[in-house]
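Peer 1: If you're matching them up, the sequences are chains A, Z, B and Y in order.
Counting in our numbering, the first sequence runs from 1 upward without gaps.
Counting in our numbering, the second sequence runs from 1 upward without gaps.
Counting in our numbering, the third sequence runs from 1 upward without gaps.
Counting in our numbering, the fourth sequence runs from 1 upward without gaps.
Among the clues, some could well be false.
Unchecked claim - Computed, partial: chain A to chain Z, Cβ under 8 Å:
id, residue
1, D622
2, R728
3, W729
It is worth saying that the hints were derived from the structure and are not from the lab.
In this text the structure is predicted, and so the values were computed from the model without any measurement.
Don't be surprised by glycine CBs; every beta carbon is placed ideally from N, CA and C.
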Amino acid sequence: MNASETLFNLRLIPLLPFLGAAVLILFGRRWKREAVLTVAAAAIGGSALVAFDAFFTRLPAVAEEGGLRDVVWTWMSTGNLSVDLAFRMDALSGLLCLIITFIGFLIHLYSAGYMEHDPDYPRFFAYLNLFCGSMLVLVLGDSMPVMFVGWEGVGLCSYLLIGFWYHETPNADAGKKAFITNRIGDFGFLIGIFLTFQATGTLRFSEITSFATAGSVLTAPAWLGMSNAFWIGTFLFIGAAGKSAQIPLYVWLPDAMAGPTPVSALIHAATMVTAGVYMVARMHAVYVLSPAALAIVALVGAATALFAAVIGFAQNDFKKVLAYSTVSQLGFMFAGVGTANFASGVFHLYTHAFFKAGLFLCAGSIMHAMSGSGDIRKMGGLRKLTPWTHGVFLVCWLAICGVPVFSGFFSKDAIVAGAFATGIFGDDLSWVGPTVGVLLLLAALGTAFYMSRLYFLVFSGPTRADAQTQHHIHESPPSMVGPLVVLAVGAGLGGLVGVPGGLFGHPEWNLLGHTLETAVGPELDVPHNTELLFMAVSTVLALIGIGLAYTFYGGGYRAPAQKFAAAFPGFVQLVRDKFRVDELYGAVIIRPLRKFALALFRVVDRVLIDQILVGGVAALVDVLGRVSRAFQAGDAQRYMAAFAIGAAALVFFATRPTVPSTLKVEVSGTTVSVDASRAGRASPRGLTYAFDFDDDGRPEVVGLKSDARYTYDQAGEHTIRVTVTDPRWHTQSKIKRKIDLSAAGERK
Amino acid sequence: MADVAGTPGGNLGGANVSDLLAPLASGEGVVFLILALGVVAMSVVCMTRRNPVSAVMSLVATFFGLAGLYATLSAHFLAVLQVLVYAGAIMVLFIFVVMIVNREESTLVSLRGIPTRLLGVFAGVYMIRVFAGIAIPAQAPGPLPALSDSFGTVASVGDMLFRQDLFPFEAISLLLLVAIVGGVVVSRSARKESDAVIAADKRIAISHLSSHDSPAELSEVEETSAAAGGHH
Amino acid sequence: MPTFYYLILSFVLFLIGTTGVLLRRNALVVLMGIELQLNAGNLAMLTYSRALGDEKGHVFAFLIIALAAAEAAVGLAILVGLFRNRQTINLDEANLMKR
Amino acid sequence: MIFDSSQILAYLPMLILIGMGCLILLAETFATTATASRQGLAWLGVGGCIASLGALLAQWGDAGQATTHFQGMLIVDRMALYLDGAFLAAALLTLLFAPPFLREQGFEFGEFYVMVLFGAAGMMMVAHAAHLVTLLIGIETMSLAAYILTGCWRRNLRSSEGAMKYFLMGAFATGFLVYGMALVYGTTGGELSYAGIAGKVPEASKNPVFYFGEYFILIALAFKVAAVPFHMWAPDAYEGAPTPVTGFMAAGVKAAAFGGILRILDTAFGNPLLVFDFTGWANIIVVLAAATMILGNLAALRQDNIKRMLAYSSIGHAGYILVGVAAMGLGVTTAKPAVLFYLMSYTFTTLGSFGVIAWIGNRRDERLFIDDWAGVAQARPGVAMAMALFLLSLGGVPPTGGFFAKFFLFRAAMESPQLYWLVVIGVLTSVVSIYYYLRVVIAMYFRDPLRPLEPTDAASTRAALILTAMAVLLLGILPGSFIEWAGPVIGK
């Protein structure tokens with residue numbers, strides 16, 4: 001697997017943005033804006049050039065042998081653990097590199113216009129560069145520790161950028177929330193790393209992959225009857241769920257929209273949040289060994305996809321809708337990788353990066369036009385006023401809805417069809433695949449609906465903005481529109497690299513799947529009929545969703561009613577009926593759904609995160625504080641008393657002979673044999689055991705042996721008491737157990 | 001191993017009490033009994049005096065008793081040292097401090113947090129119970145090993161001290177040096193410090209003025225110098 | 001004389017010292033309690049030394065006496081410093097810092 | 001021969017410190033009250049530390065094989081020298097951080113530096129001790145110096161109160177230590193050296209009194225590292241002490257005490273008879289570690305005073321290190337270097353953070369509350385970045401020394417299945433700890449200053465900050481060499 005590795009200066013890819021960040025932090029404050037932008041864009045652009053060069057000219061030759069590898073230095077080497085600070089580019093990490101550098105570059109350009117009037121311009125670009133560098137380390141890392149460094153780095157940058165406008169307290173709070181939730185995920189990730197090392201003895205991805213074969217230690221049962229692979233996969237997924245905002249750790253992402261919009265586009269839509277998906281794909285060899293772990297990934301992903309889509313119905317803030325949409329789309333990706341259909345998950349990651357970055361940048365452009373407000377109830381009619389933005393949004397909207405030929409269609413279809421066709425779950429868990437598929441179909445319908453609602457409310461009909469805002473509405477400057485157009489092209493046509501070629505008898509048409517095969521295994525084989533069926537079903541669902549949304553929101557709120565009323569007075573009644581349907585819909589579907597979503601939101605966000613995790617810790621601290629206050633009262637003598645009590649407790653517990661928590665009793669007829677040794681170990685200290693079988697206070701068997709046998713005269717309930725004495729300390733422990741002989745006899 | 005308390009088989013409950021108490025009837029035993037009772041009584045007195053001077057005096061008595069006990073253990077050199085260093089030197093130090101801070105307490109024991117502190121005492125009582133349980137042998141132990149004539153004399157202990165244990169002997173001088181220097185540092189009056197504080201305040205005022213001596217902050221300088229002028 | 005008498009005596013002394021340390025208000029007396037604890041250790045050391053016929057214990061006891069002197073000097077100095085600041089050596093009044 | 005020059009040479013680093021301390025004592029009598037003259041005394045101390053460090057490095061190559069000196073009183077091996085390095089770093093940085101602080105607060109005098117040097121010498125004695133007597137004297141020397149340093153800020157009420165509490169608690173613990181040593185001496189048939197004790201353990205362990213002695217020694221050492229429930233002194237002493245001293249105590253005293261624990265448990269009480277079973281110290285350490293990690297970190301969450309917060313956090317760190325000690329007891333060979341690496345990284349990080357705390361305040365305004373740190377990043381980005389680095393390192397975020405310290409430690413502990421749950425507690429509590437460290441970072445970066453910053457600025461502080469920050473980063477970027485130096489005990 002890693003026999004012949006080709007060296008290539010991969011280190012340049014993350015290094016350039018880091019250098020850019022360092023330069024900007026050190027000198028940026030004194031520079032002009034143009035200079036700052038030049039340095040920042042040159043850093044990420046140079047990195048993009050290196051990445052493209054490596055991916056297209058050098059990688060194909062060595063893709064089969066594990067890709068390009070660049071060892072910077074031996075990072076740490078202790079005993080049996082040796083970790084290099086090394087980077088690796090194979091098809092998977094290469095693809096991610098391209099996405100990060102390319103979209104990162106576009107967003108740098110876009111930000112030049114967006115952040116034009118911000119006083120902290122250099123700091124913003126420094127952070128942005130820092131983020132790109134960290135993300136590239138995450139993706140290119142050759143081993144889990146290196147990946148973890150990037151993982152923490154992007155978390156830090158995300159946190160810094162969410163709180164960028166720290167003068168507003170909610171923003172700082174959002175930053176804090178993001179960090180706490182992410183730490184919970186990191187905890188899982190770290191445990192996962194430890195377990196991996198425990199089981200495989202290595203932390204390099206290539207070695208883990210070659211180690212992970214059927215029958216290795218990884219498939220051996222480890223704990224609670226589940227295999228090592230299961231625990232590794234589960235803990236790593238906790239990490240992935242934190243970073244990629246899955247249930248129940250999704251709560252930070254919508255709040256993270258407090259940061260500047262280009263940040264939302266780059267970090268909280270296109271790149272960082274997909275790190276979890278990338279990690280699962282990276283560890284695919286371990287995951288396929290444990291269908292149960294995959295099932296968890298897939299089910300959580302599908303549930304998140306549907307749940308977040310439902311929440312999306314009820315949001316009125318432009319960026320909030322997009323945020324929940326991101327959560328939902330990430331759920332799709334996890335469902336993809338969770339059904340062992342790794343290529344499709346990565347494919348969706350790729351298409352999503354384009355259309356979601358596009359959508360967010362459109363949001364930024366529109367909020368720019370709307371004097372900073374993101375309330376979609378006050379928008380409408382922007383199609384004419386911001387034509388370029390509208391065009392881009394249209395393409396991205398069709399892509400995310402899954403309308404054929406647009407990129408989202410292919411990737412979403414690959415995931416849904418794969419969920420129904422996958423065979424990874426075997427007989428025991430065979431229900432998982434179809435369940436995931438159905439959830440995803442519903443989620444796709446929901447996606448089409450809420451995205452169309454967003455589209456119609458923002459762009460169609462007359463504008464609902466007040467006069468003053470309306471006066472200011474204008475198209476964004478070319479520096480912002482340019483990147484938008486590029487993204488729109490990607491969102492529109494990007495899906496073509498992943499056409500399910502097998503369908504047309506040309507498997508080689510699926511460029512992406514073909515390329516990824518060397519990194520994440522072959523594409524899932526979906527029967528043609530299934531493929532076609534779900535293509536049709538998805539298309540129909542997308543159209544239904546769009547249609548429904550048009551009925552309710554086309555041209556703004558209740559627009560159909562007004563139009564129909566003016567043109568055809570005879571239809572007023574019917575229109576009124578329509579109106580009532582709308583109301584009915586509101587009462588029967590939207591309100592309960594919204595209530596449900598709110599309730600779920602409350603349960604998860606308020607109860608689970610705020611109450612249990614944050615509040616629970618606070619409560620625990622409080623209780624502990626109350627206990628410790630009795631001692632920690634500023635009074636030296638109470639400290640010393642605590643010292644003495646601690647010493648006595650130590651003596652007490654260390655001199656007490658230990659007994660098992662429950663006596664081991666074996667019954668045959670009326671004869672019982674009792675074992676009072678702890679965990680089957682005989683004590684080395686010569687303890688004496690006194691067994692009192694008939695509860696009369698006089699032991700029947702006394703001796704140094706920890707087990708005894710006794711035959712009762714009659715059946716019935718008996719109490720066995722065992723007294724263990726340590727002859728040297730004169731300390732005793734007692735244990736008793738009731739047994740019911742008659743019942744045992746009958747059962748026999 | 002010779003008579004080392006706590007040999008296996010020791011038993012608090014099942015020991016033959018008369019056997020264990022027998023040695024106390026000997027002449028040696030009477031001496032021990034007197035000294036032990038004296039030490040315990042004096043130490044209890046020391047811990048219960050309200051007047052610190054009488055507490056120190058009873059502590060001196062305790063140390064004398066201990067010196068006697070050391071002598072019965074053939075530790076003659078240490079017995080002398082105990083009197084010299086403890087009763088002579090350390091106690092004088094205590095008396096000095098009593099003179100400085102002479103305060104008779106109105107209450108012996110403060111009631112703040114008393115449950116916790118009593119619990120601490122009970123923890124101590126518990127430990128002594130466990131300890132007694134393991135330290136008292138089951139039957140009267142055999143005689144102690146015979147000792148050479150020089151055991152515990154200045155000559156033989158001194159020989160050990162300067163040959164075998166030279167390093168700790170030197171190291172303890174470092175410890176004493178730390179104590180001497182530290183004692184001076186912590187307890188000397190703060191007047192020198194107050195002078196230093198006044199000097200530092202002046203320094204700060206000057207540097208404050210000079211640091212603001214730039215055209216950009218002219219108004220502030222004027223303000224400061226006005227304030228400074230006001231003081232003079 | 002059997003040595004366990006001495007040992008028990010030493011532990012009783014240790015306990016008396018501990019009790020004084022934990023209960024008394026006056027820091028000076030608390031310091032004396034600590035001296036008692038150290039002496040209890042010394043007594044145990046010399047007892048064992050006698051029982052074993054080994055003189056290392058004597059050297060150890062010698063060093064502990066020196067150590068006790070050093071500790072007393074520093075402790076009393078700190079006490080005087082506290083008194084200068086607060087005009088009191090009652091431990092229950094020295095509780096500026098808590099939580 | 002009782003001793004010869006080679007034995008003296010082996011302890012040259014310690015002797016240089018003591019000699020330089022005496023020299024400063026002498027020089028002090030000639031020094032005037034002028035700033036330059038006072039500063040000169042501090043530079044003498046710095047020079048002593050550097051000379052000592054040189055002597056240490058010269059010795060490094062020969063120390064691959066452990067040698068004992070002075071009739072088994074002291075030992076020279078890689079572990080001891082590694083820890084010596086940490087103590088020297090602690091003393092050196094304290095001598096750089098302290099003078100501006102002392103000058104600002106008006107108690108700059110030469111004895112302060114003498115105490116730092118003697119304290120460091122005492123720490124070295126603990127790290128080198130192979131005999132109960134040297135352990136006792138070393139611990140006392142270092143502790144007396146620490147009590148004095150805590151109480152030397154005489155105008156400050158908290159300082160004298162902290163010193164009083166620290167001293168009383170410490171003396172109380174010394175009572176236990178002495179008593180425990182006496183019991184061990186008696187039950188092993190007159191053995192005081194670690195090797196001798198280890199030889200007698202099979203016989204002595206039949207005698208329960210021996211366990212009493214062992215536990216008492218263990219308790220006293222647990223007190224020195226501030227393990228729960230023997231930790232109560234730490235918050236008050238740390239809060240009361242002059243800030244640079246707090247760093248010195250939190251880093252140096254703790255590292256020395258852990259050095260003592262490691263050696264005594266590994267050699268004197270290393271027999272499996274004493275480690276395992278329910279009377280074994282491994283169980284005790286495990287319980288102490290769990291309690292210490294949980295209580296230290298949770299209590300830190302409640303603190304608003306940054307010194308007190310870091311005091312509790314330092315208790316929490318003692319808990320992590322105890323996990324490593326337990327792992328060593330359970331036979332994990334990589335545990336000891338992991339602990340040493342942790343101590344090294346912790347020394348730099350702690351000194352750095354307390355150095356910044358000493359830097360930020362002045363005589364009128366100590367700025368010890370977290371709100372006081374608002375907006376530091378705007379006024380002084382460099383220092384804010386250094387502080388953020390230290391705090392992130394304390395929290396174990398890569399790429400800092402703190403991350404690898406935790407990583408190595410937990411990885412070593414994971415080699416023993418009995419310690420899995422302890423590692424889980426460790427990781428969870430370090431997740432919790434991030435929260436309170438970040439409170440400071442948030443204040444520095446995301447809030448507007450409440451009042452202008454007037455730090456106690458000096459060239460020596462800045463130099464020390466740069467040194468410390470570089471060390472913390474270096475430990476994070478090149479942890480390999482540092483852990484390789486931690487001794488030949490690394491499992492191959």
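Peer 1: Work down the list of hints and note, for each, if the structure agrees.
Peer 2: Now for the hints, and whether the structure bears them out:
1. D622: With Cβ-Cβ at 20 Å, over 8 Å, it is violated.
2. R728: holds, 6 Å
3. W729: Because about 6 Å separates W729 of chain A from the closest Cβ in chain Z, which is inside the 8 Å limit, the hint holds.
The structure shown violates just one earlier hint, number 1.
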